[in-house]
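Student: Build the full structure now, drawing on both the sequences and the hints.
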Amino acid sequence: MSEDLQIRTDRMRYTKNKVSARLALLAIVFNVVFFISLYKSNVGTYYYNVLMGASIVYNLVFMLAAFLGSESVKNYRRGYSWLLVALGVGQLIRIFIYPMNAHQAVVSGAPVMGDGQFLLSVICLVGSALCLFAAAAVNLQKSRALARHIASLETGKA
Amino acid sequence: MAELSLQHIDKIYDNNVQAVFDFNLDVKDGELIVLVGPSGCGKSTTLRMVAGLEDISRGKLLLDGRDITQVPAKDRDMAMVFQNYALYAHMTIYENMAFSLTLRKENPNVIHKKVLAAAEILDLTAQLNKKPAQLSGGQRQRVAMGRSIVRNPKVFLFDEPLSNLDAKLRGATRREILLLHKRLQATMLYVTHDQTEALTLADRIVCMSMGHVQQVGTPLELYDDPANIFVASFIGLPPMNLFDVALSGEELIGDGFRLTLPPEQLDLLRDYRNRKLVLGVRPEDVTEGGTMSLRVSNCENLGMNTLVHGKLGEHHITAKFRGWSEYGDGENVPVSFSRMHFFDKETTNAIRKGGD
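Here the protein sequences come in this chain order: B and W. So for the first sequence, my numbering puts the first residue at -3; every next one is plus one. So for the second sequence, my numbering puts the first residue at 35; every next one is plus one.
Read the hints as simulated data drawn from the structure, not as lab findings. Be aware that a few hints might be false.
[Said to hold, decoys possible] Using C-beta positions, here's what the derived DEER-type ranges look like:
no., chain 1, residue 1, chain 2, residue 2, range
1, W, Ser170, B, Asn71, 21 to 27 Å
2, B, Asn71, W, Arg209, 33 to 39 Å
3, W, Lys164, B, Glu150, 16 to 22 Å
4, B, Ala147, W, Asp258, 58 to 64 Å
5, W, Asp258, B, Asn71, 57 to 63 Å
6, W, Lys164, B, Arg74, 19 to 25 Å
7, W, Pro273, B, Glu150, 54 to 60 Å
8, B, Glu(-1), W, His124, 30 to 36 Å
9, B, Gln100, W, Lys164, 53 to 59 Å
10, W, His124, B, Val15, 18 to 24 Å
11, W, His124, B, Glu150, 25 to 31 Å
[Claimed, not checked] Below, in silico cross-link-like pairs of lysine-lysine (DSSO-like), each with a Cα-Cα straight-line distance of 27 Å or less:
no., chain 1, residue 1, chain 2, residue 2
12, W, Lys165, B, Lys138
13, W, Lys94, W, Lys62
14, W, Lys148, B, Lys12
15, W, Lys139, B, Lys70
Glycine included, each C-beta is placed from N, C-alpha and C at the ideal position.
Tutor: This is the structure we're talking about:
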């Protein structure tokens, strides 16, 4: 390992994983934009069902979990990468529930969700998922490197 | 290399109060100068002027021969350690120490090396991931010093850095500062009102009172040969005993005691036959046995020394005897003076050979 890389790895002992943490926070921002754009719809009673209730609850759970993940990956906690991955997968699945269904539904001869809103919703959910995957990947890579470095320090190799 | 020169520096505030009068000092490279004096004597003001935190009203400040009187604080290449540490509570120790370099957008790897090196010097490596609230006062002060060290400044400025620490920690941190100075060989200006710090740390001491420099010299010079009554009474613990006396024939006459002077001291005082004199005797120069009588009022046993307070004639006096002594109240102890200092009562200056 070059000295530069070694110092960069050693720095992680004292610095936070800000990249992963910020990516996870950005995922929350994407999610907020998504549900704001979804909830502003006014198309009769299409959304008045138990699925919308579940969607609201999921949004809350998602934001709490993503924030928890953000704070944890900030401290290179490897296990939380998998939480972020799971949340990312969840965001992709959501595309096939609300935006997709609402985009295909028609009420009183008009589509519940227009093309523009549909595109925005998909972009937000995909963006959110990509941020979570990236945060998880960066954290996995960094936390492994850090663990190896600490192990080598403990065995006196470094 | 960092030589500092303060030339005829005055500080006059907007309300016309003058805090510092004609301050002159040349600080050599690697020297540790301690500014000492009572509260309000202008020592911190002087330090802040050097740091660039206060404007210099008159005079010049030179760093390595370059006039930096008007240079802003951030461009002076000096680092200051404050009494209250001034650490960021939300940052870790590592982040606190790296902060100034991060602001300068230095290479993070270089910052890392510098922070680790400073932490090693200050024995803070194990604390780097902690927050300031998790550290003791002494450790926090070391962090503040570390933050200065990483910048590798030309001059270190310390503004009463140990005042917030308890007595035991103060002693330990004082020794660390001394070791730090030996290790870094950096030019340092250190402000304190504690004469113990001044005597133990300084290469040279600047003793100040009421905005005026009273004496500049090595700790030994200030202790052994004080320039005036202020320095004599300020340096030394307990302070020097001072008696108003008059010279009559070969005797020094105080209020209730007489002392025959040897020829060399009579020669020193030959111009003071009809002038007012002050005799100064350090408590440790009052020795048991002699022709004078000390009437004991109380004793303080300190283990290896005993402070005996009492009266010599009508003068209050404190004597510092070696070992554990027990005297009853009102007991008369014969004493003599092993060393005496003489001061002109009017000018308060020390009377020295050749009038220098």
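Student: Now tell me if each hint is right for this structure.
Tutor: Status of the hints after comparison with the structure:
1. W/Ser170 x B/Asn71: 21 to 27 Å: holds (25 Å)
2. B/Asn71 x W/Arg209: 33 to 39 Å: holds (36 Å)
3. W/Lys164 x B/Glu150: 16 to 22 Å: Once the Cβ atoms are compared, 20 Å apart, the range 16 to 22 Å for B/Glu150 and W/Lys164 holds.
4. B/Ala147 x W/Asp258: 58 to 64 Å: Check passed, 60 Å falls within 58 to 64 Å.
5. W/Asp258 x B/Asn71: 57 to 63 Å: holds (58 Å)
6. W/Lys164 x B/Arg74: 19 to 25 Å: holds (23 Å)
7. W/Pro273 x B/Glu150: 54 to 60 Å: holds (56 Å)
8. B/Glu(-1) x W/His124: 30 to 36 Å: holds (32 Å)
9. B/Gln100 x W/Lys164: 53 to 59 Å: holds (56 Å)
10. W/His124 x B/Val15: 18 to 24 Å: holds (20 Å)
11. W/His124 x B/Glu150: 25 to 31 Å: Between W/His124 and B/Glu150, where Cβ atoms are some 30 Å apart, the hint holds.
12. W/Lys165 x B/Lys138: holds (23 Å)
13. W/Lys94 x W/Lys62: Since the Cα atoms of W/Lys94 and W/Lys62 sit roughly 17 Å apart, the hinted pair holds (cutoff 27 Å).
14. W/Lys148 x B/Lys12: holds (18 Å)
15. W/Lys139 x B/Lys70: holds (22 Å)
Violated hints for the displayed structure: none, as all numbered hints are satisfied.
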